[in-house]
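Novice: For the sequence shown, my numbering assigns the number 4 to the initial residue and increments by one for each residue that follows.
Hints are not guaranteed to be accurate.
Using 27 Å as the maximum straight-line C-alpha spacing, the simulated DSS-like pairs for lysine-lysine come out as follows [to be verified]:
#1 K41 - K164
#2 K137 - K42
#3 K78 - K5
#4 K123 - K5
#5 K184 - K73
#6 K192 - K119
None of these hints come from the bench; they were simulated from the model.
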Amino acid sequence: MKLICIGRNYTDHIKELENEKPTDPVVFLKPDTSILLKKQPFFIPDFSDDIHHEVEVLVKINKVGKHIDKKFAHKYYDEIGLGIDFTARDLQSQLKAKGLPWEKAKAFDGAAVIGKWLPKTQFQNIDTINFSLKKNNTVVQSANTALMLWKIDDLIEYVSKYFTLKIGDIIFTGTPAGVGKVFTNDELKGYIENEELFSIKIK
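Work the whole structure out from these sequences, hints included.
Specialist: This is the structure we're talking about:
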């Protein structure tokens, strides 16, 4: 399975990092080795002094698809989740400045947190889901999927032009503003509506 990640999908986060607003979704991949094992802490890697949390709504693909039309996209998933796209911001900035790929800053071991999954049927409208991240019991990121530049079904249509979607693939749909550095002994908790979907210790 693969993790398909979307960058720059919330206007406030684009402004936060002083990036240009894209005309198409920004897409990058993480390997399955980047998934943080269940009940394991996140260890800050020795190659970065500036690891940032980025909370994101996740979508799990439930059947194989290619060139999926938006009107059929809803048939390709039945679970919604929440996770973190950990980013080595210092390393990413160095690589971007040189015009180099930045997978090393995004796809390292443990860089993808995947929380509990919820049935899509639990939501009246997946395009109006509230989600948030608490760091040490203080809300640091909070948004609604209505603020996405490209909604979930848009992303499935776009991504499937380039990559065949397979059962178990996960789409990270982008992060809102409020990203920030994590420190040893921090605790991160992610919520969809008022339900806690993950809790991570930083080591």
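Novice: Evaluate each hint against the coordinates.
Specialist: For each hint, the structure was consulted:
no.	hint	verdict
1	K41 - K164	violated, 32 Å
2	K137 - K42	holds, 18 Å
3	K78 - K5	holds, 19 Å
4	K123 - K5	holds, 21 Å
5	K184 - K73	violated, 36 Å
6	K192 - K119	holds, 12 Å
The structure fails to meet hints 1 and 5 from the earlier list, while all remaining hints are met.
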